Amino acid sequence: MTIEQINAQYGKIPPQAVEVEEAVLGALMLERDAYITVADIIDTKSFYKEEHQKIFEVIKYLSTHEKPVDLLMVTQELKNKNLLDEVGGPLMITQLTSRVASAAHIEFHSRIIAQKFIQREMIRVSTEIQTKAYDDAIDVDDLIDFSETALFQIAEGNIKRETIPIKTLLREAAVLIEEASKRDDHLSGAPSGFTAVDRMTSGWQKTDLIIIAARPSMGKTAFVLSMARNMAVEHKVPVGVFSLEMSSIQLVNRLLSAETELGSDKIKNGRLVGWEWDHFHRKLAILDDAPLFIDDTPALSIFEFRAKCRRLKLQHNIGAVIVDYLQLMTAGTDSRGSREQEVSMISRSLKAIAKELDIPVIALSQLNRSVESREGKRPQLSDLRESGAIEQDADIVIFIHRPEYYQITEDEDGNSLIGIAEIIIAKHRNGAVGDVRLSFKKSLAKFADMENIIPEEIGGGQYGQKLQSKMNVDSGDSYRKGAIPVNTSFDNDKFSHYENSGGEHIPF
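Residue 4 is where the sequence shown starts when you use our numbering, and the numbers rise one by one after that.
Hints were generated in silico from the structure; no laboratory data involved. Careful, some of the hints might be misleading.
To be verified - Derived lysine-lysine pairs resembling DSSO-like cross-links, with alpha carbons at most 30 Å apart: (1) Lys380 x Lys430; (2) Lys311 x Lys358; (3) Lys52 x Lys70; (4) Lys239 x Lys430; (5) Lys239 x Lys354; (6) Lys52 x Lys84; (7) Lys15 x Lys48; (8) Lys82 x Lys63; (9) Lys119 x Lys430; (10) Lys135 x Lys311; (11) Lys119 x Lys185; (12) Lys119 x Lys63; (13) Lys239 x Lys358; (14) Lys209 x Lys358; (15) Lys239 x Lys271; (16) Lys271 x Lys444; (17) Lys185 x Lys15.
Bear in mind that the values here come from a model prediction, so they are computed numbers and not experimental data.
Using the sequences and the hints, build the whole thing.
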């Protein structure tokens, strides 16, 4: 329904400022650079009168093609486009220039036009929502999706960012640097909880879009769950997790399995014995206090996602959002075109949400099958599935690669790759690229720093031992393998003995 039809239905004149529109058009023809002032404030559709829209479109054309914008040039261009008579003839154009003496107030006047346009758009959209709400044939989810999409498009089209003087930005940068220097970890962003990864990234930075990609069975979900746990439990960073593939209960069971180290089957089937129940409830209490929020809405549209993220930011001040995974999202009910175009739109929107909410958005992504035919099976940027826009929009692209999955058990130096995950930072817009290694305990679906891995799982010898770390359970728990002699040392110098408060050797 057009704004004119709405007027006829309700008998009201829509918000408008015709005289202000005339003043702005006249000012644009008086000063050459006036268009630059208003370009970020108004556009052709901002004008109420159709004649004014046509005149502004010509002024816009002349300005963007670096041609003079004055009474004569605008009149001539309108004539060339056979629009001169439609807008009122040469006399009308001349009268516009007499409305104002200069372009001194053009910015203020343009903002009035923009405000009236937004008011008209809100009336139009609200009327359409009302009409659809009375239609019983329309599914309520589609109605909500339409409403959010329509309002989002109005907001998106009118969010303008002002240019900021370097002096202001330098002060903000200095404050952030000073804050980072006071932190024990010296990270400027939200910690992932993985020391090696954080050293490369300095933490997940605000406004960044981080893509974590891998082939199936590499542990994508396990990686982000371990990371979400670290952020929420160890660093008290509120995290929103959107799971489009697994249910919320499945995710929680995975978290409990990794936290308790009791194994997923035991957790899922409740086959726990005496001490295991005590251990289970102790770990449950740790996760119970974590500011972790899980949403398992299937086929989530980008507009629903944006609305949910806004609510999480408003209600819980979330510091990061995780999406599992990008290709399962939809662009909305009105999306048309190829799947590649749809994924590109989703990717751009995720980046826009990161900037709007000033948080890192971490999205999982699939890889195509090209990696399977490559020697060594190492993924690369061209393997990102369905859209090259993912690589373009992302600030960081990380691949998870487990050579053990492909029966590659040793690296070039003869070091064991069993229980090892290679975290490949393939793109880093604001930092270095490179590889780091984490341990991966498949039975627990758990990633951890290399320092926490049992040596025999990476070819390090007969004995295992535990270091005090945020990824390990407390020193009162039981572990695998035999007791560790006090003087035990390892060739890789990554391990040392661990004793409890009573001086006993802790058995593994």
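Taking the earlier hints as the rules, which of them does this structure contradict? 9, 11, 17
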